[in-house]
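Enquirer: As you go down the protein sequences, you meet chains A and B in turn. If you're matching positions, the first sequence starts at 1 in our numbering and goes up one per residue. If you're matching positions, the second sequence starts at 1 in our numbering and goes up one per residue.
Just to be clear, a hint being listed does not mean it is correct.
Claimed, not checked - Some residues of chain A that are not near chain B, with every Cβ distance over 12 Å (derived):
id, residue
1, T34
2, T74
3, E77
4, P134
5, L269
What the hints assert, rightly or not - Interface residues of chain A toward chain B, partial, derived using beta-carbon atoms under 8 Å:
id, residue
6, H10
7, P12
8, E16
9, D171
10, I173
11, Y174
12, R179
13, N180
14, Y181
15, A183
16, F189
17, G196
18, V200
19, A210
If you are wondering where the hints come from, they were derived from the structure by calculation, not from laboratory data. Where is the CB? At the ideal position from N, CA and C, for every residue including glycine.
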Amino acid sequence: MKERMNNIEHDPLTVEKEEWKRRQLKSRLKQLLTISSPIFILILWEFLSRTGLVDARFFPPPTEIVGTFITMGTSGELFEHIGISLFRIMAGFLLGVIPAIILGLLMGLYSPLRHFFSPLIMALMPIPTLALLPIILILFGIGEVSKIVTIAGSVFFPVIINTVAGVITIDRIYLDVARNYGANSRQFFFKIALPGALPVMIEGIQMGQAIALLTIVAAEMMGANSGIGYLIWTSYNAFLLKEMYVGLVLISFFGYLFSLILRGFQNKLLPWR
Amino acid sequence: MNTPAKISIRDLTKVFYKKGSSVTALKGVNLDIEDGEFVCLLGPSGCGKTTLLRILAGLETPSTGEFIISREKEERPLQSMVFQERGVIPWLTVRENVAFGLKMRHLPKAYVKERTDYYLEKVGLEQFSTLYPKELSGGMKQRVSIARAFANDPEILLMDEPFAALDEQNKFILQEELLSIWSETKKTVLFITHSIDEALLLSDRIVLMSSQPGTLVTEKRIDMPRPRTMEEVRANADLASSFVEIWTHLQDEVQGSRM
Numbered sequence: 001m002k003e004r005m006n007n008i009e010h011d012p013l014t015v016e017k018e019e020w021k022r023r024q025l026k027s028r029l030k031q032l033l034t035i036s037s038p039i040f041i042l043i044l045w046e047f048l049s050r051t052g053l054v055d056a057r058f059f060p061p062p063t064e065i066v067g068t069f070i071t072m073g074t075s076g077e078l079f080e081h082i083g084i085s086l087f088r089i090m091a092g093f094l095l096g097v098i099p100a101i102i103l104g105l106l107m108g109l110y111s112p113l114r115h116f117f118s119p120l121i122m123a124l125m126p127i128p129t130l131a132l133l134p135i136i137l138i139l140f141g142i143g144e145v146s147k148i149v150t151i152a153g154s155v156f157f158p159v160i161i162n163t164v165a166g167v168i169t170i171d172r173i174y175l176d177v178a179r180n181y182g183a184n185s186r187q188f189f190f191k192i193a194l195p196g197a198l199p200v201m202i203e204g205i206q207m208g209q210a211i212a213l214l215t216i217v218a219a220e221m222m223g224a225n226s227g228i229g230y231l232i233w234t235s236y237n238a239f240l241l242k243e244m245y246v247g248l249v250l251i252s253f254f255g256y257l258f259s260l261i262l263r264g265f266q267n268k269l270l271p272w273r
Numbered sequence: 001m002n003t004p005a006k007i008s009i010r011d012l013t014k015v016f017y018k019k020g021s022s023v024t025a026l027k028g029v030n031l032d033i034e035d036g037e038f039v040c041l042l043g044p045s046g047c048g049k050t051t052l053l054r055i056l057a058g059l060e061t062p063s064t065g066e067f068i069i070s071r072e073k074e075e076r077p078l079q080s081m082v083f084q085e086r087g088v089i090p091w092l093t094v095r096e097n098v099a100f101g102l103k104m105r106h107l108p109k110a111y112v113k114e115r116t117d118y119y120l121e122k123v124g125l126e127q128f129s130t131l132y133p134k135e136l137s138g139g140m141k142q143r144v145s146i147a148r149a150f151a152n153d154p155e156i157l158l159m160d161e162p163f164a165a166l167d168e169q170n171k172f173i174l175q176e177e178l179l180s181i182w183s184e185t186k187k188t189v190l191f192i193t194h195s196i197d198e199a200l201l202l203s204d205r206i207v208l209m210s211s212q213p214g215t216l217v218t219e220k221r222i223d224m225p226r227p228r229t230m231e232e233v234r235a236n237a238d239l240a241s242s243f244v245e246i247w248t249h250l251q252d253e254v255q256g257s258r259m
């Protein structure tokens, strides 16, 4: 401190430039920290597993899991599992999100609808869709439809609740503006309710996306003969733990990828934020 | 008065009732405003002036009484409101905000564009037309709000303390801009404010309101020729005495409501 006092810079711009450089360096260090934590865990895992400090049968070293991933990938079987799971997630996601947005906007705009539907939603929401899987299987059979319906069911609730909340929290003054300038109900819906609710709605969709991944794995474990969940479950049963880890890593990867995609959408859809 | 009033308010009363208690926001309000007149409604906060404006804007219904806004052209909307600063819609660009009323009325695209361009230029926002309101200053947002109301070409304009949130320098600038746009169109304006200076600069007539229950107490004509500037208003001795007169009135009101 004393040293700095002696070297007083007389140009304010230079002083601020130095300060700015210091801040840049700091933020770069923080980025480095963010990347370093997963790498650190992987190295630690590799080391513990290789040295036998943890049982390599249960925790095979990451490099070997990568090797398994490559052999599974070259046989082509892996991509079939991924493909079918992605299809189920996408279809289920859309089947859940679209009605949730429409009904949620209507409930937010028209209070009679809100009063009518909200007890039903409150009552159904706490029931895990997976607990309903037996009934879903009875209703829709063991084919694709039952998995898609399971995912749609679990995505529906966070999205509808956030959509309703999004509409209700729109500042009243925008509703007044729309009314004063003669907006009809269609214009209210598309110009005010939908864009105004969008930020909160997207948070709900993010949540729904995470829940869809949780659900697909469990649903495929119980009633399927393909998919990533099925891969994890059968590998575990056959004590093929490396294969099981490949499935787990895939789920983690897709979760990350989906939230990145949604963030990208968010920036596109909300340029005004 | 020989000419029929543009806005005519008769015995307007508004009571807010909620679980056993009631507040009389407006009581027996009678007011006639001529075509092309700029009237400021001046009063302390909570005197019901905003309620009166919201009733005229169709955002509240009166408990009893009625008002008539006379229509000159069939295709015109009856009224448009200049809202406070928060009234600019954040998910629409400057251009879309200005065009809002015109679009709601499904007018032809070319006409919407022409009118929007005209008023964007009038308020000096043409190079900001693609920006979102978050990138604008408070004064610029209010320009958007003013342009939106004028572009809509209504029979009358209602203004709800549009400059209340601005700093004083910006307020002066915008007040004069408003006057210059207004003088082109000569629309009938009902302007709400709690600033005596603002009322003196803008009005043909100032109507004073008292609070609880909100009634119109007295009115004052401002005969100073237009165009006016803030400097002239400040330097004018008549207006200085008007200021004092209005202030004494309001002071009594505010003191009275404190008792």
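Enquirer: Hint by hint, note whether the structure agrees.
Expert: Evaluated hints:
A cut-off of 12 Å between C-beta atoms confirms that T34 (chain A) is not in contact with chain B; the least separation is 28 Å. Distance check for T74 (chain A) against chain B: the nearest CB is about 49 Å away, which clears 12 Å, and the non-interface claim stands. With a cut of 12 Å on Cβ distances, E77 (chain A) stays outside the contact zone with chain B, its closest approach being about 47 Å. With a closest Cβ-Cβ approach of about 44 Å to chain B, P134 (chain A) is found to remain outside the 12 Å limit, as its non-interface label requires.
A beta-carbon of chain B is positioned within 12 Å of the beta-carbon of L269 (chain A); the least distance is around 10 Å. For H10 (chain A), the interface hint is violated, since its Cβ never comes within 8 Å of a Cβ in chain B; the closest pair sits about 35 Å apart. For P12 (chain A), the shortest C-beta to C-beta distance to chain B is roughly 27 Å, which exceeds 8 Å, and the interface hint is violated. Interface restraint check: E16 (chain A) against chain B, minimum CB-CB distance 25 Å, threshold 8 Å, status violated.
About 7 Å separates the beta-carbon of D171 (chain A) from the nearest beta-carbon of chain B, less than 8 Å, and the hint is met. Interface hint at I173 (chain A): satisfied, since its Cβ lies 5 Å from the closest Cβ of chain B, which is below the 8 Å cut-off. For Y174 (chain A), the interface hint holds, since its Cβ comes within 8 Å of a Cβ in chain B; the closest pair sits about 6 Å apart. For the restraint placing R179 (chain A) at the interface with chain B, the shortest Cβ-Cβ distance is roughly 6 Å, inside the 8 Å limit, so the hint holds.
Because the smallest distance between the Cβ of N180 (chain A) and any Cβ of chain B comes to about 5 Å, under 8 Å, the interface hint for this residue holds. Among the interface hints, the one on Y181 (chain A) holds; its C-beta lies about 4 Å from the nearest C-beta in chain B, closer than the 8 Å criterion. Because the closest C-beta pair between A183 (chain A) and chain B is about 5 Å apart, less than 8 Å, the hint holds. The interface hint given for F189 (chain A) is violated, since its Cβ lies 13 Å from the closest Cβ of chain B, which is over the 8 Å cut-off.
At about 7 Å, the closest approach between the beta carbon of G196 (chain A) and any beta carbon in chain B falls short of 8 Å, and the interface hint on this residue holds. With 8 Å as the threshold, the beta carbon of V200 (chain A) stays out of range of chain B, its nearest partner Cβ sitting at about 13 Å, so the hint is violated. Because the closest C-beta pair between A210 (chain A) and chain B is about 26 Å apart, greater than 8 Å, the hint is violated.
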